[in-house]
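Visitor: Sequence:
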Amino acid sequence: MVNERSLSQRLAADVMQRCDVLGRCSDEPGRLTRTFCSVAMRDAHRLVTGWMEAAGMSVRIDAAGNLIGNYLPPESNPQRRVLIGSHLDTVADAGRYDGILGVVMGIAVVEALRESNQSLPWAIEVIGFSEEEGVRFRTPFIGSRALAGTLDAGMLTLCDDTGVSISQALDHFGCDPHAMDACSATPGSIVAYLEPHIEQGPLLESLDEPLGVVTAIAGQTRLTVEWAGEGGHAGTAPMNLRNDPLPIAGRWAVAVEEAARSTPGLVATVGRLSVDPNVPNCIPRCVTASLDVRHQEDAVRIAAVDKLLTLADELARGANLAMRIERQHEHSAVAMDPRLVEGLAKSVASCTGDPQRMVSGAGHDAGVVATVAPTAMLFLRSPGGVSHHPAEAVQESDVALGLQVLVHFIHALASEA
Numbered sequence: 001m002v003n004e005r006s007l008s009q010r011l012a013a014d015v016m017q018r019c020d021v022l023g024r025c026s027d028e029p030g031r032l033t034r035t036f037c038s039v040a041m042r043d044a045h046r047l048v049t050g051w052m053e054a055a056g057m058s059v060r061i062d063a064a065g066n067l068i069g070n071y072l073p074p075e076s077n078p079q080r081r082v083l084i085g086s087h088l089d090t091v092a093d094a095g096r097y098d099g100i101l102g103v104v105m106g107i108a109v110v111e112a113l114r115e116s117n118q119s120l121p122w123a124i125e126v127i128g129f130s131e132e133e134g135v136r137f138r139t140p141f142i143g144s145r146a147l148a149g150t151l152d153a154g155m156l157t158l159c160d161d162t163g164v165s166i167s168q169a170l171d172h173f174g175c176d177p178h179a180m181d182a183c184s185a186t187p188g189s190i191v192a193y194l195e196p197h198i199e200q201g202p203l204l205e206s207l208d209e210p211l212g213v214v215t216a217i218a219g220q221t222r223l224t225v226e227w228a229g230e231g232g233h234a235g236t237a238p239m240n241l242r243n244d245p246l247p248i249a250g251r252w253a254v255a256v257e258e259a260a261r262s263t264p265g266l267v268a269t270v271g272r273l274s275v276d277p278n279v280p281n282c283i284p285r286c287v288t289a290s291l292d293v294r295h296q297e298d299a300v301r302i303a304a305v306d307k308l309l310t311l312a313d314e315l316a317r318g319a320n321l322a323m324r325i326e327r328q329h330e331h332s333a334v335a336m337d338p339r340l341v342e343g344l345a346k347s348v349a350s351c352t353g354d355p356q357r358m359v360s361g362a363g364h365d366a367g368v369v370a371t372v373a374p375t376a377m378l379f380l381r382s383p384g385g386v387s388h389h390p391a392e393a394v395q396e397s398d399v400a401l402g403l404q405v406l407v408h409f410i411h412a413l414a415s416e417a
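Residue 5 in the working numbering sits at position 5 of the sequence shown; the count goes up by one each step and never skips.
It is worth saying that the hints were derived from the structure and are not from the lab.
Cβ atoms here follow ideal geometry from the backbone N, Cα and C, with glycine treated the same way.
Heads up, some of the hints might be wrong.
[As the list claims (entries may be wrong)] What follows is a set of in silico ranges between Cβ atoms, one per label pair, in the way DEER data are often shown: (1) 371 <-> 302: 15 to 23 Å; (2) 80 <-> 278: 54 to 62 Å; (3) 93 <-> 330: 49 to 57 Å; (4) 79 <-> 265: 24 to 32 Å; (5) 235 <-> 93: 36 to 44 Å; (6) 338 <-> 149: 47 to 55 Å; (7) 59 <-> 79: 12 to 20 Å; (8) 188 <-> 350: 27 to 35 Å; (9) 390 <-> 329: 25 to 33 Å; (10) 233 <-> 20: 55 to 63 Å.
Using the sequences and the hints, build the whole thing.
Guide: Quick look at the structure:
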């Protein structure tokens with residue numbers, strides 16, 4: 001156990017250093033932004049490929065731009081594999097760990113397994129998904145959807161702000177967009193997909209827990225509500241003769257907050273208000289509010305959204321306003337594989353004690369891969385709960401524990417095969 005701990009600590013230091021190095025691969029100077037099929041992504045691929053090859057992996061890039069390293073332990077069946085990874089792209093002005101940490105930890109796990117030279121019944125593959133954030137083409141999960149076989153061919157015609165399509169970007173990156181079917185996992189070939197990831201929230205830190213086991217990824221509804229009234233002069237229109245949509249939007253936003261606080265596990269956010277004409281001496285004529293609602297149970301989420309939209313309509317009618325709803329995103333909750341969740345929890349318990357089981361409020365590649373393969377996620381605490389920000393952080397000691405857990409889990413999984 002002392003040797004395992006010492007090895008994990010050494011590899012954790014390498015993980016942190018590699019995340020720092022990858023943080024320099026950016027589309028723009030002065031901050032980290034790395035998008036799908038960009039020059040910065042090519043630079044990141046070159047670095048990660050070198051680390052994979054040094055760890056004894058053969059490396060390939062598939063038609064969707066996913067970077068995949070394959071390690072064949074002694075006595076392994078190359079037709080079956082355990083997949084470890086996450087995504088290599090970032091949001092604009094990102095931190096160094098969202099997604100990237102999972103890929104680099106996957107490489108470290110292979111290094112630990114190779115050092116022990118123990119036999120395993122299947123291959124280990126580390127995957128760096130090409131696109132999860134949706135920054136360049138405003139559509140997320142391109143890489144994992146290709147693996148799952150759910151990437152619609154029509155999506156390849158979507159264009160970025162410069163008019164370049166996904167298909168053209170892939171072609172320029174050296175991939176063959178016409179060979180997308182070859183990315184799809186053969187049914188039954190993936191024994192498990194494991195995604196180590198920073199929590200991106202404050203819960204683990206508040207509990208003083210280094211690691212958490214994800215039980216599900218919350219379902220999500222995203223929409224906008226628009227209320228239209230009558231604009232006018234702020235000084236000449238009497239209060240009783242106004243059709244002002246802004247107070248209605250404000251009352252509704254408060255109701256959204258109250259609904260979320262009164263429903264266990266529900267999170268609901270009015271993150272954007274757009275006021276037209278948005279000047280101090282004019283009565284607003286139109287207000288648009290965004291709504292984001294998430295819960296691990298789809299029925300609870302859908303019921304909450306229906307109730308809030310009914311209230312929005314009632315408020316509009318009472319104030320003589322026109323109302324319009326635009327639904328933008330609807331994603332069902334995804335449960336992690338129960339057997340893998342239990343196994344991962346046991347591995348965490350062997351290193352740190354009983355783990356915190358938690359629902360991920362953010363979407364992840366794991367939610368896509370779970371549609372075609374048994375999937376589990378390991379969360380590492382995020383100091384300050386900060387993510388999608390340059391101040392994003394992770395503790396090296398937590399990374400070391402995470403590596404111990406993943407190696408322990410892989411050996412436990414192998415013993416069941």
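Visitor: Against this structure, judge whether each hint is valid.
Guide: For each hint, the structure was consulted:
Between residue 371 and residue 302 the Cβ separation comes to about 20 Å, which falls inside the hinted range of 15 to 23 Å. Separated by about 58 Å at the C-beta atoms, residue 80 and residue 278 satisfy the suggested range of 54 to 62 Å. For the hinted restraint 49 to 57 Å between residue 93 and residue 330, the CB-CB distance of approximately 28 Å leaves it violated. In this structure, residue 79 and residue 265 break the distance hint of 24 to 32 Å, their C-beta atoms being roughly 40 Å apart.
For residue 235 paired with residue 93, a C-beta distance near 41 Å keeps the hint of 36 to 44 Å intact. Distance hint for residue 338 and residue 149: a CB-CB separation of about 23 Å, inconsistent with the stated range 47 to 55 Å. Judged by the Cβ atoms, the range 12 to 20 Å given for residue 59 and residue 79 holds: they are separated by roughly 19 Å. Judged by the Cβ atoms, the range 27 to 35 Å given for residue 188 and residue 350 holds: they are separated by roughly 29 Å.
About 26 Å separates the C-beta atoms of residue 390 and residue 329, a value consistent with the hinted range of 25 to 33 Å. Residue 233 and residue 20 have their C-beta atoms about 57 Å apart, which keeps the hinted 55 to 63 Å range intact.
Comparing the model with each earlier hint shows violations of hints 3, 4 and 6; every other hint is respected.
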